[in-house]
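S.K.: Residue numbers (the numbering used here), protein chains in the order written: chain W, 1 to 452; chain A, 1 to 287.
No lab work stands behind these hints, which were simulated from the structure alone. Backbone N, C-alpha and C fix where the C-beta goes; we use that ideal spot for every residue, glycine too. Hints are all accurate, no fakes.
Cβ-Cβ distance ranges computed for the label pairs, FRET-style: (1) S59/W to P252/A: 49 to 57 Å; (2) P270/A to S32/W: 43 to 51 Å; (3) P245/A to G361/W: 41 to 49 Å; (4) N258/A to G362/W: 39 to 47 Å; (5) P245/A to T307/W: 12 to 20 Å; (6) Y392/W to A242/A: 20 to 28 Å; (7) S32/W to D37/A: 26 to 34 Å; (8) P244/A to S271/W: 29 to 37 Å; (9) W286/A to Y392/W: 52 to 60 Å.
Some, not all, of what chain A presents toward chain W, calculated at C-beta under 8 Å: (10) W72; (11) L73; (12) G202; (13) D264; (14) R268; (15) P270.
Over the 10 Å line for every Cβ pair with chain W, so calculated as not near, a few chain A residues: (16) R28; (17) A31; (18) Q163; (19) G251; (20) P252.
One-letter residues, chain by chain:
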Amino acid sequence: MRHLADKLEVLPGPGLVARFGEVTVWAGPQASTALQAHLVAQARQAAQAPRGGEQVANSIISVLQRGDPEPQSPFAVVGPGPGEALTLLLHGPVQAWDSGRWLAPQPVPGWMTAQVGRPWPLIVLPYGANPPPQSQQGNPFDLLAGVVPGSGFVLLRPPSAPPPTEAQLGVSAGAPLGLASQPGATAASPQGAASTSAEARPAAPSAFVGTPSSGPSPSSQAPSSQAPTAYSPALSAQAGGVGLSATPTQLAAVPMGPAPLDLRHVLVASSPPLPLASTASQGLGQERPEATGVYCDRGHFNHPGSTRCLRCGRAIAPGTPAATGPRPPVGVLLADDGSLWVLDKTYVIGADAASAPEVRGGTARAIQMRAGANHTMAAVHAEVRVSGWDAYLVDRGAEGGTYWQGPASQSWAQLGRSEQRELLDGSHLSCGGRVLTFLSCWPTPPGGAPSA
Amino acid sequence: MPSQVQLRDYEVTGPALDQRVLPSLPARQPARLGGGDATIWLLGPLARTPWELARARLEAIGAVRSDYLPSWLEAGTAEWAQRQVVWVSAADAIVGTLASPPADMKLTDKLRALAAAARAAHALHEHGLLHGAICPQSVVLLGRAGTQAEAFGGSVGAGASAQPPRGVLGPASLADGKQPVAHVGYPPLGYLDPQLLRGEGGRWSDIWGLGATLHQLLTGSAPFGQLEAVPVVQGLAQLLAAPPPRPEATGPLVGLVNACLSLDPLDRPPTARDVAEQLEEGAARWY
Chain W
1 MRHLADKLEV LPGPGLVARF GEVTVWAGPQ ASTALQAHLV AQARQAAQAP RGGEQVANSI
61 ISVLQRGDPE PQSPFAVVGP GPGEALTLLL HGPVQAWDSG RWLAPQPVPG WMTAQVGRPW
121 PLIVLPYGAN PPPQSQQGNP FDLLAGVVPG SGFVLLRPPS APPPTEAQLG VSAGAPLGLA
181 SQPGATAASP QGAASTSAEA RPAAPSAFVG TPSSGPSPSS QAPSSQAPTA YSPALSAQAG
241 GVGLSATPTQ LAAVPMGPAP LDLRHVLVAS SPPLPLASTA SQGLGQERPE ATGVYCDRGH
301 FNHPGSTRCL RCGRAIAPGT PAATGPRPPV GVLLADDGSL WVLDKTYVIG ADAASAPEVR
361 GGTARAIQMR AGANHTMAAV HAEVRVSGWD AYLVDRGAEG GTYWQGPASQ SWAQLGRSEQ
421 RELLDGSHLS CGGRVLTFLS CWPTPPGGAP SA
Chain A
1 MPSQVQLRDY EVTGPALDQR VLPSLPARQP ARLGGGDATI WLLGPLARTP WELARARLEA
61 IGAVRSDYLP SWLEAGTAEW AQRQVVWVSA ADAIVGTLAS PPADMKLTDK LRALAAAARA
121 AHALHEHGLL HGAICPQSVV LLGRAGTQAE AFGGSVGAGA SAQPPRGVLG PASLADGKQP
181 VAHVGYPPLG YLDPQLLRGE GGRWSDIWGL GATLHQLLTG SAPFGQLEAV PVVQGLAQLL
241 AAPPPRPEAT GPLVGLVNAC LSLDPLDRPP TARDVAEQLE EGAARWY
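Construct all of the structure, not just a fragment, from the sequences and the given hints.
M.R.: Set out below in structure tokens:
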């Protein structure tokens with residue numbers, strides 16, 4: 001039975017994504033022009049084949065078995081396989097999320113192939129890349145056919161397909177980070193999300209024995225910072241051109257929106273120049289709350305338990321007298337979409353966090369987040385409260401709850417209504433199916449040391 | 001409703017420009033812009049950033065005019081890949097970046113390109129803007145493809161017209177120094193100023209990025225590449241605690257590298273223009 005064509009969202013960044021029919025290939029920037037062209041040609045040839053993915057994979061495997069010409073070049077092939085499954089071929093430093101686990105050749109160089117069910121989403125990324133942002137339901141992004149730049153891709157349920165049954169649902173799309181398992185990812189989901197036990201998955205993947213194949217399970221790892229979703233293509237690049245042919249006419253039609261920003265004649269009121277380092281510290285006192293800490297020799301204010309200044313690196317002698325000063329940020333929050341939030345004041349998390357009274361009043365900032373698949377995120381869902389040198393997770397009584405996982409724990413604990421829990425370095429918090437990690441740069445004070 | 005660059009307005013005229021180096025597409029401007037050549041630069045997604053905030057930053061950055069910045073035409077979001085921020089500039093031949101320069105590009109010319117990026121950063125700073133993502137990939141090289149080093153190497157004959165690529169500073173992040181990394185655009189951890197990560201960013205953060213890029217040019221490796229070889233949580237934790245030890249650079253510009261990569265912003269060169277001048281002097285005298 002032929003399925004409706006899966007929706008394909010291309011991830012920005014260096015690399016090549018090509019789709020013809022139901023066969024999709026991705027090649028990283030390290031791949032040679034010849035390899036990229038070969039993958040595109042193979043995908044084009046197999047576009048209409050009933051088992052086109054398997055066809056392309058077998059063709060490539062026959063080459064690899066005679067000797068891998070580019071062992072370090074990452075590429076992936078996805079397409080129809082036997083029965084209802086998809087054939088997935090991964091080569092080099094590339095990984096795939098099949099809505100249940102991470103697959104990747106191990107060790108690298110190497111390759112692997114697997115038959116997977118039709119998981120949604122299926123995500124293909126360079127090894128260690130940041131996860132893509134949460135896909136927005138109903139967005140028009142869909143590569144129908146063609147060759148475009150991209151650092152990976154996400155296969156999603158076809159736009160007109162019936163809603164997935166509980167048996168077809170995997171781990172929520174907000175969980176592909178591997179930071180920690182989502183609260184909704186276990187059979188005993190406190191949020192009542194769909195069962196994600198292995199028995200419910202439509203097809204158990206089987207690994208083809210080639211070079212060492214079975215991928216790691218980076219559930220305890222977070223993606224590296226390579227290839228951030230941000231501006232700079234952080235992947236290593238090699239000289240040389242790429243014979244791509246972007247075909248915007250084959251992209252999904254999109255509505256004509258308002259005019260873009262015209263920067264040819266834009267006139268913006270000039271802002272004062274950025275301060276020099278020698279003058280930047282002036283005025284900090286008005287911005288930051290006061291706390292008890294210690295000063296280094298250069299006058300930088302640090303946590304009372306610090307033995308080294310975080311700003312200049314100078315040693316702080318034991319017994320340095322405590323003093324009051326403007327407290328620097330207590331740490332950062334790393335969200336599951338790769339964004340970072342510096343914790344210099346309280347943050348409210350929610351789908352419309354900007355509407356929170358404390359955000360409007362200026363005493364807190366907003367982290368606006370959409371819910372993960374099959375989860376709900378309240379307008380104001382949770383709070384990360386900064387008090388002294390500490391950060392606390394506070395439940396705001398939203399449906400779905402707020403969850404906390406300690407740095408050394410593998411299980412989630414739900415906070416009681418309006419309960420607060422101290423965040424230690426490496427703690428995870430989750431709300432609405434999204435996960436954030438708290439990172440502190442300050443030492444845990446020994447017993448008795450003041451924290452405020 | 002976010003603004004959208006109407007790609008159908010633009011005629012994509014050829015393959016992506018060395019997209020392994022810089023995600024970009026050559027295009028022809030629509031009639032409403034004059035119909036000339038253009039380059040569409042692709043940035044990251046805007047899923048987390050309110051368009052209103054991004055719009056203001058894009059306009060502010062686009063308003064800064066400098067010989068060392070691209071000539072921006074438009075900015076918006078690309079509808080075909082997760083609301084990417086898209087910049088459009090008047091076309092210049094992109095021949096690479098400092099992360100992937102032409103094979104025959106001399107170190108002297110790379111240093112001059114980095115100096116140009118430093119001057120561009122200074123122009124932004126004087127307008128109250130932080131670039132926030134300076135790294136080898138963000139120093140874009142413009143010029144005719146196939147620049148021949150021998151045509152420039154010492155003896156300029158009557159027929160020698162080849163010029164080395166010139167550098168410009170590519171699109172900035174949307175960082176503002178206080179909440180620097182919540183929005184689109186931050187460099188690899190190996191080029192990210194720890195002070196920026198702690199919400200104390202400023203022009204010194206771009207100076208850090210310039211120093212880290214210079215280190216990469218002189219040694220061939222990122223100064224803190226080990227931060228990128230581990231999961232991002234570990235890399236961030238390490239950067240927050242203290243940048244790890246880095247391979248020492250050697251040569252006449254090592255002092256500049258060490259100064260730019262000082263942990264304390266007070267120990268770094270005060271302005272990006274100072275960095276540019278030292279780079280230009282070093283390139284002329286020593287390389």
